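Keeping their order, the protein sequence lines are chains A and B. Each residue of the first sequence is one higher than the one before, counting from 2 in this note's numbering. Each residue of the second sequence is one higher than the one before, counting from 128 in this note's numbering.
Treat the hints with caution; some may be incorrect.
With a straight-line cut-off of 20 Å between C-alpha atoms, the simulated EDC-like cross-links for lysine to aspartate or glutamate are [to be verified]:
#1 B:Lys234 with A:Asp288
#2 B:Lys207 with A:Asp287
#3 B:Lys161 with B:Glu238
#4 B:Lys206 with A:Asp202
#5 B:Lys328 with B:Glu287
#6 A:Lys98 with A:Asp202
#7 A:Lys98 with A:Glu27
#8 B:Lys213 with A:Glu335
#9 B:Lys264 with B:Asp286
#10 B:Lys291 with A:Glu25
#11 A:Lys3 with B:Asp246
#12 A:Lys258 with A:Glu329
#13 B:Lys328 with B:Asp317
#14 B:Lys200 with A:Asp288
Derived from the structure by calculation, the hints contain no laboratory data. All values reported here derive from a predicted model rather than from experimental measurement.
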Amino acid sequence: MKKGYFGQYGGRFVPETLMPALIELEQAYLKYRKDKDFQKELAHLQKTYIGRPTSLYFAKRFTEHLGGAKVYLKREDLAHTGAHKINNALGQTLLAKRIGKKRIIAETGAGQHGVATATGAALIGLECDVYMGTQDMKRQALNVFRMRLLGARVLEVAVGSQTLKDAINESLRDWTTNVGTTHYVLGTVFGPHPFPSMVRDFQSIIGKEAKKQILQAEGRLPDYLVACVGGGSNAMGLFHEFLDDEIKMVGVEAGGKGIETGEHAARFAGGSVGVFQGCKTYLLQDDDGNILGTHSVSAGLDYAAVGPEHPFLKDMGRVEYTYATDDEALAAFELLSRKEGIIPALESAHAVAEAIKLAPKLSKDKIIIVNLSGRGDKDVQHVANIKGIEL
Amino acid sequence: MNRIEKVFKKLKAQNEKAFIPYIMAGDPSLDKTKEIVLMFEECGADIVELGVPFTDPLADGPTIQRAAERALKNGVTLKKVIALVKDLRQKTKIPLVLMTYYNPVFKYGEERFIADAKDAGVDGVIIPDLPPDEAGKFTRLAKNAALASIFLLAPTSTDERIKKVASASTGFIYYVSITGITGAQLLLDDSIEKSIKGIRKISDKPVAVGFGISTPDEAKAVAGVSDGVIIGSAIVKKAQASSDKEFRGFLLTLREVIK
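Required output: the full structure, derived from the provided sequences and hints.
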């Protein structure tokens, strides 16, 4: 396979100004992934700061309610800052420090990656700016304030659709301008090489832990893995360790108001191959190659493209991709809250929605692991608004 | 030899520099763009760069982003820009270079794009998010069609990158004068001259400089150390905010100082 590619997907489609920085980053990453001191420092912080391993929890009442396969939740919502995003943000922040950068920048949609990066910056002692679309700042006001509390500047992106894709454009523009002093902490398995591989590797701890934990709990591997897919980092983090095992894997995209309405972010159900923000992948585009607006109730899934390893896994038939609509995700958000006392992030609620469909179709001896990628506190206000409740 | 190469050869023989103005196609309308291109030629431009609007122009600053948004609102597509070139070819032989992002070209189909662009009378293509590392097929197809594939170098480029970019570029090499996006503040020190000297040690292809050049003084300084000056955001801004007469005056001043 060509370097930086997953089959025909991936690559490094960026302006020349960034090419040397990406080459430098790739070399640094290859060096530090084998560097014992770096790995030791990272492992120590994963344990003492993030709180890893996160638990693998058997959702008993939820399972009984669905009446089929056993559902386990990989509790990334219990990681420090409330989502899996910290795994990558901390890894990249440590790397940025090692390569001598004074400042880090990040894009954020739901705000979780922004919060995680701001946290990493505070911990390590780096300057931090986070780009966020105006629309997302409204939807995720709580996370905006969290980032500011952590000492980061939140820079509003008021162009284009004012969501995640525009925040990535602005981050790339900033990085192009300040590449000498700044590292761009890209938040998902997306963008130019080496980001898709590097972010996946930082997230793959999710699957490594889950494998050990399910073997301990059940003495065998699960039958299904389910994860939501925005850019796709929590899904890659869970799936990667299991790719060689005979396990079915399902990635759940944002079906929004339904595929037929055009208001969704389901790249596989409604998109085609293109090149966007640094890589060749599946994306939502019109006939002239312009990027389409997207919609999802969850800001973290509201994005026009998907990380390039996903279409590769799809083409191979290794992972099946489906979607959950806004309504299905909202129903899952409430059901899990009531049956388990766990309020999932609206992103993760898409994966929970798939488990709600899947578990009853399977016998009771089957096992599903759902990646509960984040907690839903940040979404409470938004859900109340949708339900017409004033807080 | 294609028209771009001929222009640089002629200028070199006369010890002159290329004036390369840029305009976003379809901003505010394709008819107006046609007028502007013809005005560029009247005012002494050597090559014209035509922007193709894209929803996510990540190498561009606010001026060209907004111009692209206006053009997209007018329904301008890559296909329509190619048709505009065909139309312009009834009136002018000035070398025309398309500046587009890669996805519209990818979606159009590289083979079909090169064939249609060539047929319409396009002379060269600049794709800022397609570095030579990813452009093997594109460069080959362009070469076969004698269409210039113009790649970019930046202040961050290492010697190894300069070698790669220079050998893939045809027509000219586009040197990005700043570490940044189009329309940003230019820093006029000796760094541009030093970088261009570095490029010249590796390649004898013409080097035109763009990004951030907005005033006649800056254009003059850059012309002094390169083979050509590309002016985009400043022209887009001026075209939008001034009368035809003022605009023409601005172009004539630029022409005057680029030598």
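Hints versus structure:
A hinted pair counts as satisfied when its Cα atoms are at most 20 Å apart, and Lys234 (chain B) with Asp288 (chain A) qualifies at roughly 7 Å. Restraint check: the Cα-Cα separation between Lys207 (chain B) and Asp287 (chain A) comes to about 15 Å, which is no more than 20 Å; the hinted pair holds. Annotation: proposed proximity of Lys161 (chain B) to Glu238 (chain B) is violated, straight-line Cα distance about 26 Å (limit 20 Å). The suggested pairing of Lys206 (chain B) with Asp202 (chain A) is violated, with an alpha-carbon distance near 41 Å, which exceeds 20 Å.
For a cut-off of 20 Å, the pair hint linking Lys328 (chain B) to Glu287 (chain B) stands: about 12 Å separates their Cα positions. Using a Cα cut-off of 20 Å, the hinted pair Lys98 (chain A) and Asp202 (chain A) holds, with the two alpha carbons roughly 18 Å apart. About 15 Å separates the Cα atoms of Lys98 (chain A) and Glu27 (chain A), which keeps this hinted pair within 20 Å; it holds. At most 20 Å may separate the alpha-carbon atoms for a hinted pair to count; Lys213 (chain B) and Glu335 (chain A) exceed this at roughly 59 Å.
At roughly 24 Å between alpha-carbon atoms, Lys264 (chain B) and Asp286 (chain B) are farther apart than 20 Å, so this suggested pair is violated. Of the supplied pair hints, the one linking Lys291 (chain B) and Glu25 (chain A) holds, its CA atoms being roughly 17 Å apart against a limit of 20 Å. Taken as a hint, the Lys3 (chain A) and Asp246 (chain B) pair is broken in the structure, with Cα atoms around 33 Å apart against an allowance of 20 Å. Restraint check: the Cα-Cα separation between Lys258 (chain A) and Glu329 (chain A) comes to about 10 Å, which is no more than 20 Å; the hinted pair holds.
For the hint linking Lys328 (chain B) to Asp317 (chain B), the alpha-carbon distance of about 17 Å falls within 20 Å, and the restraint holds. Only pairs whose Cα atoms come within 20 Å are accepted, and Lys200 (chain B) paired with Asp288 (chain A) is accepted, the gap being roughly 15 Å.
Hints 3, 4, 8, 9 and 11, counting from the list given before, are not met by this structure.
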